[in-house]
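Which chain is which? The protein sequence lines are S and P, in order. Counting with the numbering used here, you get residues 1 to 431 for the letters of the first sequence. Counting with the numbering used here, you get residues 1 to 517 for the letters of the second sequence.
Bear in mind the hints are in silico, worked out from the structure with no lab data behind them. Treat the hints with care, as some may be off.
[Claimed, not checked] The calculated DMTMM-like cross-link candidates involving lysine to aspartate or glutamate, where the alpha carbons are at most 20 angstroms apart (straight line), are:
#1 S/LYS323 with S/ASP265
#2 S/LYS323 with P/GLU300
#3 P/LYS129 with S/GLU31
#4 P/LYS42 with S/GLU61
Computed from a predicted structure; not experimentally measured.
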Amino acid sequence: MTLAYYRQDMETCCRCSACKFIPLERVTGYEYVAICPSIARYNFHAYSGGGRLGMGVALLEGDLDYSDKLVEIIYNCQMCGGCDVSCKYAMDMDVLEPLNAIRIECVSRGKTLPALDRLITKLRHGGTMLPPAPSARKSWSDGLNLEDYTRQKVDLIYHAGCRIGQDPAMWKIARYSVLLLRKAGLEPGIAPGSELCCGGRAYEMGYQDDFLRQARVVMKRIEQSGAKTLVTGCAECYHAFKVLYDKFNLRGNLKVLHTSEIFADLISSGRLQPQQEVSLKITYHDPCHLGRLGEPYTHWQGKQLPGHIRLFDPPREFRRGTKGVYEPPRRVLKSIPGIQLVEMDRRKEYAWCCGAGGGVKESNPAFAEWTALQRLQEAGTTGADAIVTACPGCEKNLKDALKKPADQTRIYDLSELLARSVLKEEIDAAQ
Amino acid sequence: MPLSKDQYAAFEDVVGPENISAEPAILYSYSWRSGLYAGVEKFTPRFEAVVLPQSTEEVQAIVRLCNKFKLQFKASSTGWGPYNDAAGPGVIRIDLRRMNRIIEINEKNMYAVVEPYVIGAQLQAELMKRGLNCNMCGAGSNCSALPIAAHQGIGHMSQSASYGERNQLALEWVTPDGEIIRLGSLGSSDEWFCGDGPGPSLRGLVRGNVVPLGGLGVYTKAATKIYHWSGPPIFPVEGISPHYSAGKIPHNFSIGFYSFPSMDKLDEAQQKVGESEIALELMGFNAAMAAANIATSNEEEVKLFREFSQYVQGPCFMIIIAGNSDRDFEYKTKVLSRIINETGGKAIPKLLDDPVVAAGCLWRWLRSTGSIREVFRVSGCFGGEVGGTDCFRLMADYIYKTGQMKGDLIKRGLVYDDGTSPFTQSFEHGHFGHGELLIRYMPNPITFKVLTTEFLVQANETAIRDHYGVPGHVFGDAAHDMYGPHCSSYHLWLRRIKKAFDPQGASEATHYITVKE
Numbered sequence: 001m002t003l004a005y006y007r008q009d010m011e012t013c014c015r016c017s018a019c020k021f022i023p024l025e026r027v028t029g030y031e032y033v034a035i036c037p038s039i040a041r042y043n044f045h046a047y048s049g050g051g052r053l054g055m056g057v058a059l060l061e062g063d064l065d066y067s068d069k070l071v072e073i074i075y076n077c078q079m080c081g082g083c084d085v086s087c088k089y090a091m092d093m094d095v096l097e098p099l100n101a102i103r104i105e106c107v108s109r110g111k112t113l114p115a116l117d118r119l120i121t122k123l124r125h126g127g128t129m130l131p132p133a134p135s136a137r138k139s140w141s142d143g144l145n146l147e148d149y150t151r152q153k154v155d156l157i158y159h160a161g162c163r164i165g166q167d168p169a170m171w172k173i174a175r176y177s178v179l180l181l182r183k184a185g186l187e188p189g190i191a192p193g194s195e196l197c198c199g200g201r202a203y204e205m206g207y208q209d210d211f212l213r214q215a216r217v218v219m220k221r222i223e224q225s226g227a228k229t230l231v232t233g234c235a236e237c238y239h240a241f242k243v244l245y246d247k248f249n250l251r252g253n254l255k256v257l258h259t260s261e262i263f264a265d266l267i268s269s270g271r272l273q274p275q276q277e278v279s280l281k282i283t284y285h286d287p288c289h290l291g292r293l294g295e296p297y298t299h300w301q302g303k304q305l306p307g308h309i310r311l312f313d314p315p316r317e318f319r320r321g322t323k324g325v326y327e328p329p330r331r332v333l334k335s336i337p338g339i340q341l342v343e344m345d346r347r348k349e350y351a352w353c354c355g356a357g358g359g360v361k362e363s364n365p366a367f368a369e370w371t372a373l374q375r376l377q378e379a380g381t382t383g384a385d386a387i388v389t390a391c392p393g394c395e396k397n398l399k400d401a402l403k404k405p406a407d408q409t410r411i412y413d414l415s416e417l418l419a420r421s422v423l424k425e426e427i428d429a430a431q
Numbered sequence: 001m002p003l004s005k006d007q008y009a010a011f012e013d014v015v016g017p018e019n020i021s022a023e024p025a026i027l028y029s030y031s032w033r034s035g036l037y038a039g040v041e042k043f044t045p046r047f048e049a050v051v052l053p054q055s056t057e058e059v060q061a062i063v064r065l066c067n068k069f070k071l072q073f074k075a076s077s078t079g080w081g082p083y084n085d086a087a088g089p090g091v092i093r094i095d096l097r098r099m100n101r102i103i104e105i106n107e108k109n110m111y112a113v114v115e116p117y118v119i120g121a122q123l124q125a126e127l128m129k130r131g132l133n134c135n136m137c138g139a140g141s142n143c144s145a146l147p148i149a150a151h152q153g154i155g156h157m158s159q160s161a162s163y164g165e166r167n168q169l170a171l172e173w174v175t176p177d178g179e180i181i182r183l184g185s186l187g188s189s190d191e192w193f194c195g196d197g198p199g200p201s202l203r204g205l206v207r208g209n210v211v212p213l214g215g216l217g218v219y220t221k222a223a224t225k226i227y228h229w230s231g232p233p234i235f236p237v238e239g240i241s242p243h244y245s246a247g248k249i250p251h252n253f254s255i256g257f258y259s260f261p262s263m264d265k266l267d268e269a270q271q272k273v274g275e276s277e278i279a280l281e282l283m284g285f286n287a288a289m290a291a292a293n294i295a296t297s298n299e300e301e302v303k304l305f306r307e308f309s310q311y312v313q314g315p316c317f318m319i320i321i322a323g324n325s326d327r328d329f330e331y332k333t334k335v336l337s338r339i340i341n342e343t344g345g346k347a348i349p350k351l352l353d354d355p356v357v358a359a360g361c362l363w364r365w366l367r368s369t370g371s372i373r374e375v376f377r378v379s380g381c382f383g384g385e386v387g388g389t390d391c392f393r394l395m396a397d398y399i400y401k402t403g404q405m406k407g408d409l410i411k412r413g414l415v416y417d418d419g420t421s422p423f424t425q426s427f428e429h430g431h432f433g434h435g436e437l438l439i440r441y442m443p444n445p446i447t448f449k450v451l452t453t454e455f456l457v458q459a460n461e462t463a464i465r466d467h468y469g470v471p472g473h474v475f476g477d478a479a480h481d482m483y484g485p486h487c488s489s490y491h492l493w494l495r496r497i498k499k500a501f502d503p504q505g506a507s508e509a510t511h512y513i514t515v516k517e
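Model the full structure from these sequences, guided by the hints.
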């Protein structure tokens, strides 16, 4: 959708500043009321959802040009969708979509950030945005004897994602995940050494054409594999496959599940049985892409009816984060003996972003780190020994921030804790 | 009139390079027009720069520089209304976002001291943990908790927690020419307990009928009275946005929504509720406002409004009761029941029958989170009339007359048809009353013109002719000059105040009063 498509949404902004705070019904104290890292860090109204919508109108009106400062403001945002949820507690208007439309417009005009351009260049040439070379990506699956869905027909695909596949420190997430699936009697296929980036981040950085090109290539491979279901442990990939691919009618009938969803189901049905105690007091960090942004895409095509109220024909259902994936990861964690789950103030649909999204980690690492430190501080107030999350992007960014202070907080992926409880013998044997 | 390099550098020296900007992209974001009385222009005049001070001393330095450079300034917190905007060139925006501390919560003496960017939700949440509560700005808990920040400061808790004018205690004020004045007890000690002394008492002077709306310097800290809270320290809200609710009404709380056969009967009921001091909250919502609060989308709002409207026999109010003990709650409940019976009140079927909906409304109306739904969701824009503060019946009668004027606008298709019933409320258990008429419309030049040149003119004529006092919408030179001659020539005094404290006219006063001979 073009920026002009969202004119009415942008012009519906009433300047109430709700986009800067968590939903007001959820405020339980002075601290941790901010929802938007961008305005929290940079303070000028322009760095809020509402401020950016005003800028969007000014761009449409021709009052503003795509200056370096504008690009800097537009890209100092993780696209976490917190503003969107807080606004839509009360309003019928889109916030995040217009923000993305501004980015797409920036890219189409060549107004981009060098750090992001470099990522896209890698995507165009190597099918992934992250180093190292694809040959190293095979390693996470060494010795697992998994089917290669690029060569054989499979029912189920496990998609590791670039962040896991290309970072040896994170390979265990993928290994544990497929071992857990296997334990439940599922045999996923993978693309050893040749897994392609989902392209989701390209879209959120405004490179819509690159995203679409990538998505079509990826979907073609998936379709050729015959897979009916794709499982991923990366929230960003999950959002891309489930939401973005659907948005552009590319997903077909592919069922997309996050590992937390399939694990929760497998535990409920008794096919996975967490029995080994994992004695740990934890708090769970909701990844934006799994939580509020993980809500299914709602297709709508119609028109706003004339009159003094924003009604649509057919009725337009706004995505408000209500149907995001919040409970499955909690169900998994609660099923593990010994785990004590304590919640942070900001959670579920109004969780504070880890700071990595929207290209910020690459274009402004200091801001990504600042945002992560806010989250670590909040987690610290719960008294938890560890933070558990369900996205390698969140995990990495939080861990990177931890390097600064002498913090003993541990950060785990959900699959790791579940594996400790379900796969103790296998893990012990491997060690 | 962009700032010169030297001027910019002078401001930069005060707040640091990170906290000043004159970039067009930044300035345009501040110029997007408010949704209140949105008209033809999408953008208000651009500020010359925006500064983000962190302390009273920085505010003072900025104000002094504005006087030195013959610039104007406009200070604001969350920036909800059009009062935060510049009317023309040569204005610096003082965004008080970084002044966001709760300075003190004095449980013993029941006051809290806040900076301008503490929002109502934050203060209320901290108070509830301590068994205390505060008035909430009617515009919503997203607005400043500073009792002198927002218009009249009337809100959802005003029945039991009064309103801005009466809640404001000691005040720290940076005058338009850059002096720091500490009013009330703060003027003679470091205590915040009183707005009128020992120390200089200029409370009426700095407030006026409504606050100066940015036109008389910057209020950097203020103490507000706080009140008793008998509910849970943290309200047990469940669910995912926008479907929040406590699931069930907490122990010793109740919420009711009643309509009455006539204004006389509603008046009688609210007087009796006030005299018996049983209500924690009493708000004269109409069916449209109830529908807006409960609904999570415009489609649902339309459906609920139609549904509720069938059962409304006349003017309505919503009442929340909180018991300090089981016996207290039982007593209050019985008193309410008797009042409703005596006055012919009827509960609106379906509105609060579902305990989940009722508990949701209870918290929404205690926290004041539904205001944005009420006024802005329909189109992002609203206008209407804000009455003054006087005895309940006088204010109710005035606002009902403006409701009749709205009927004409509806017939002409100029505004959204959500009925002509206005909103009324009593506060301080009936000592005062207030009324507002909500008019929602899709921004367009014709409606805007009719609202400003016909509707408001008629409303003003009615208020003056029938002696309803000075409404809350009266701000700016033209309005004060119209009302002043009928009200002890207050406009002349207001102008003298402005001149005495702001000899250079540095505090941008489009929504207050300017100095003119």
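Evaluated hints:
no.: 1; hint: S/LYS323 with S/ASP265; result: holds (17 angstroms)
no.: 2; hint: S/LYS323 with P/GLU300; result: holds (18 angstroms)
no.: 3; hint: P/LYS129 with S/GLU31; result: holds (13 angstroms)
no.: 4; hint: P/LYS42 with S/GLU61; result: holds (9 angstroms)
The earlier numbered hints are all upheld by this structure, with none contradicted.
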